[in-house]
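J.: Work out the full structure, taking the sequences as your base and the hints as a guide.
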Amino acid sequence: MHVMFLFASTGSGHFKAAGYVRDALLKQNRETIVSMADVLNLCDFPVKSFILNRFKQLISKCPSVYRFLYRLTENNAWFNRVAAIFFSGSIQLLKERCVAEKVQVLVCTHPLALLFASRLNREMKESCPVTMGIITDYQIHRFWLYPYIDLYCVPNKEMKEELMILGWHHDKVRVTGVPCPLDLSSAGEEATTAPFWLLSGGGWGLGNLEATTRCLLKKHKHCNLLVVTGENRSLYLRLKALEEKNPGRLKVMGTIPHLFNTMKNALAVLTKPGGLTVTEAMILKKPLILLKPLPGAEEKNLKYLVKHNAAIPYHSFMEKPEIINFWQDYHSIHQATTARSDSSCLIAQWILEEGSR
Numbered sequence: 002m003h004v005m006f007l008f009a010s011t012g013s014g015h016f017k018a019a020g021y022v023r024d025a026l027l028k029q030n031r032e033t034i035v036s037m038a039d040v041l042n043l044c045d046f047p048v049k050s051f052i053l054n055r056f057k058q059l060i061s062k063c064p065s066v067y068r069f070l071y072r073l074t075e076n077n078a079w080f081n082r083v084a085a086i087f088f089s090g091s092i093q094l095l096k097e098r099c100v101a102e103k104v105q106v107l108v109c110t111h112p113l114a115l116l117f118a119s120r121l122n123r124e125m126k127e128s129c130p131v132t133m134g135i136i137t138d139y140q141i142h143r144f145w146l147y148p149y150i151d152l153y154c155v156p157n158k159e160m161k162e163e164l165m166i167l168g169w170h171h172d173k174v175r176v177t178g179v180p181c182p183l184d185l186s187s188a189g190e191e192a193t194t195a196p197f198w199l200l201s202g203g204g205w206g207l208g209n210l211e212a213t214t215r216c217l218l219k220k221h222k223h224c225n226l227l228v229v230t231g232e233n234r235s236l237y238l239r240l241k242a243l244e245e246k247n248p249g250r251l252k253v254m255g256t257i258p259h260l261f262n263t264m265k266n267a268l269a270v271l272t273k274p275g276g277l278t279v280t281e282a283m284i285l286k287k288p289l290i291l292l293k294p295l296p297g298a299e300e301k302n303l304k305y306l307v308k309h310n311a312a313i314p315y316h317s318f319m320e321k322p323e324i325i326n327f328w329q330d331y332h333s334i335h336q337a338t339t340a341r342s343d344s345s346c347l348i349a350q351w352i353l354e355e356g357s358r
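Residue numbering for the sequence shown follows this note's numbering, beginning at 2 and increasing consecutively.
Bear in mind the hints are in silico, worked out from the structure with no lab data behind them.
Bear in mind the structure is a predicted one, so any value in this text is a computation, not a measurement.
Do not rely on the hints blindly, as some may be mistaken.
In silico EDC-like pairs for lysine to aspartate or glutamate, Cα to Cα no more than 20 Å straight-line [as the list claims (entries may be wrong)]:
id	residue 1	residue 2
1	K222	E244
2	K286	D330
3	K308	E163
4	K222	E211
5	K304	E163
6	K308	E159
7	K293	E320
8	K219	E323
9	K103	E127
10	K173	E162
11	K173	E354
12	K265	D184
13	K158	D172
14	K158	D343
15	K301	E163
16	K126	E102
17	K103	E355
18	K304	E159
19	K301	E162
20	K241	E211
21	K252	E211
22	K286	D343
23	K304	E162
24	K28	D343
25	K293	E211
26	K103	D39
27	K103	E124
28	K28	E355
T.: Here it is in C-alpha cells:
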C-alpha cells in the first residue's frame with residue numbers, strides 16, 4: 002500500500018501532523034510505502050516563496066486584513082473555484098504522480114492540500130486514491146471542508162456533529178483527536194538546567210514573544226525562561242541581546258527539532274494557540290497559557306480551549322500566576338478529555354483499513 006501525505010508549508014504544524022501519523026502508520030505496518038509532498042512545491046513557478054512571504058506579511062503586519070479574509074472564506078465556494086483555476090497545473094502534476102506511484106490513500110493535513118485532493122477526486126472518480134482530511138484546529142472553518150473528500154478525522158464530537166449537519170455521513174467522520182507524538186513518556190531528556198517556562202511562537206516565531214519575555218523577566222523574578230523563536234531571525238537576535246543582560250534566567254533558541262521532548266521538562270508552556278503545540282502540551286498535562294492568537298483559526302482555538310478549561314489566557318495567568326501550582330487539581334482532567342494521546346494511532350489504523358479495501 003502506498004500512502005501519500007499532502008501538506009502545505011505555511012508553518013511547521015501541518016508537516017508535524019503528517020509526520021506523527023506517518024510514524025504511527027509505519028509502526029503498525031512497516032511494509033507500507035509512505036511519501037510526503039508539499040503542495041506548494043508542486044507548482045512550476047516560485048509560488049511557494051510568493052505565498053509564504055505574503056502570508057507572513059499579512060498575518061504579522063496586517064492582522065485585521067487577514068482576519069477579514071479569513072472570515073470572507075467562511076463560505077469557500079468562490080475561493081474553491083478561483084484556487085482550482087490558479088492551481089490547475091499543480092493539480093495535474095499531483096494526478097500524474099499519484100498514477101505513476103500507484104498511490105492508494107491521499108492524506109491531507111492542510112486546507113490547501115484538501116483543495117488539491119477534492120479536485121483530484123472529482124476528476125479521477127473511481128480511479129482516485131482514497132482521500133482523507135485531518136483537521137488540526139479545535140473549531141471548524143469551512144476552509145477545511147471540500148466536496149469529494151472521502152474521510153475526515155476531527156478533534157472532537159462537536160465538530161463531527163457539525164460535519165454531519167453539513168451532509169457528511171456518520172461513518173465517514175471519526176473523532177480521532179489532533180495528531181500527537183508516539184513517545185508520550187512524561188520524562189524528557191535529562192534536565193541539565195534549572196526549571197523553566199517554555200515560550201513558543203510557532204515555526205515562524207510570530208506573536209508578541211518579545212513583549213511577553215520582557216514582561217515575565219520583570220514581573221516574575223523567580224522564573225527562568227526558554228524562548229523558541231523559530232525561523233524569525235530578527236526576533237532571535239533581539240532576544241539574544243536580552244539574554245546577555247539576563248544570564249542564567251533567559252535562554253533563547255531558534256528552531257528546536259523535537260520541541261515535544263523539550264516541553265516534557267518545562268514547568269509551564271506559554272504559546273500562541275496553534276493546534277499542534279497546544280495538543281502536545283495537553284497530552285503532557287502541562288500548565289498551558291495561551292498568548293495573543295494570530296487572527297483566524299488560533300482565535301477559535303483559544304476560545305475553545307479556555308471554554309473547556311484545558312488552558313488559560315495570558316492575562317488570567319498574569320493576574321493569578323500561582324494557578325500553575327494547582328494545575329493538576331483544576332485543569333489536567335479537562336486536558337485529558339480535550340486531547341487524545343492515541344490520536345496518531347487511531348488515524349493510522351483507519352488509513353490501513355480504508356487502503357486495504
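J.: Next, verify each hint and record whether it holds.
T.: Going down the list of hints, with the structure as the test:
In summary, the hint linking K222 to E244 is supported, as the alpha carbons are separated by about 14 Å, within the 20 Å threshold. A hinted pair counts as satisfied when its Cα atoms are at most 20 Å apart, and K286 with D330 qualifies at roughly 11 Å. The suggested pairing of K308 with E163 holds, with an alpha-carbon distance near 18 Å, which does not exceed 20 Å. With a C-alpha separation of about 17 Å, the suggested pair K222 and E211 falls inside the 20 Å cut-off, and the hint holds.
A hinted pair counts as satisfied when its Cα atoms are at most 20 Å apart, and K304 with E163 qualifies at roughly 17 Å. A hinted pair counts as satisfied when its Cα atoms are at most 20 Å apart, and K308 with E159 qualifies at roughly 13 Å. Of the supplied pair hints, the one linking K293 and E320 holds, its CA atoms being roughly 16 Å apart against a limit of 20 Å. Between K219 and E323 the alpha-carbon distance is near 16 Å, which keeps this suggested pair within the 20 Å criterion.
Restraint check for K103 and E127: satisfied, since their Cα atoms lie roughly 14 Å apart, inside the 20 Å limit. Proposed proximity of K173 and E162 is supported: the alpha carbons are some 12 Å apart, at most 20 Å. At most 20 Å may separate the alpha-carbon atoms for a hinted pair to count; K173 and E354 meet this at roughly 13 Å. Taking the CA atoms of K265 and D184, the gap is near 11 Å; set against the 20 Å cutoff, the hint holds.
Distance hint between K158 and D172 is fulfilled; the C-alpha atoms sit about 13 Å from each other, no more than 20 Å. About 16 Å separates the Cα atoms of K158 and D343, which keeps this hinted pair within 20 Å; it holds. Proposed proximity of K301 and E163 is supported: the alpha carbons are some 15 Å apart, at most 20 Å. The straight-line distance between the Cα atoms of K126 and E102 is roughly 17 Å, inside the 20 Å bound, and the hint therefore holds.
Of the pairs offered as hints, the one joining K103 and E355 holds, with about 15 Å between alpha carbons and a cut-off of 20 Å not exceeded. Taking the CA atoms of K304 and E159, the gap is about 14 Å. The hint holds against a cut of 20 Å. In summary, the hint linking K301 to E162 is supported, as the alpha carbons are separated by about 17 Å, within the 20 Å threshold. For a cut-off of 20 Å, the pair hint linking K241 to E211 stands: about 11 Å separates their Cα positions.
Pair hint K252 plus E211 holds up; C-alpha atoms about 13 Å apart against a cutoff of 20 Å. Of the supplied pair hints, the one linking K286 and D343 holds, its CA atoms being roughly 15 Å apart against a limit of 20 Å. Proximity of K304 to E162 is assessed by CA-CA distance (about 19 Å); at most 20 Å being required, the pair is judged to hold. Distance hint between K28 and D343 is fulfilled; the C-alpha atoms sit about 13 Å from each other, no more than 20 Å.
Of the pairs offered as hints, the one joining K293 and E211 holds, with about 12 Å between alpha carbons and a cut-off of 20 Å not exceeded. Only pairs whose Cα atoms come within 20 Å are accepted, and K103 paired with D39 is accepted, the gap being roughly 18 Å. In summary, the hint linking K103 to E124 is supported, as the alpha carbons are separated by about 16 Å, within the 20 Å threshold. Our distance criterion of 20 Å between C-alpha atoms is met by K28 and E355, whose separation comes to about 17 Å.
The structure is consistent with each of the numbered hints, conforming to all of them.
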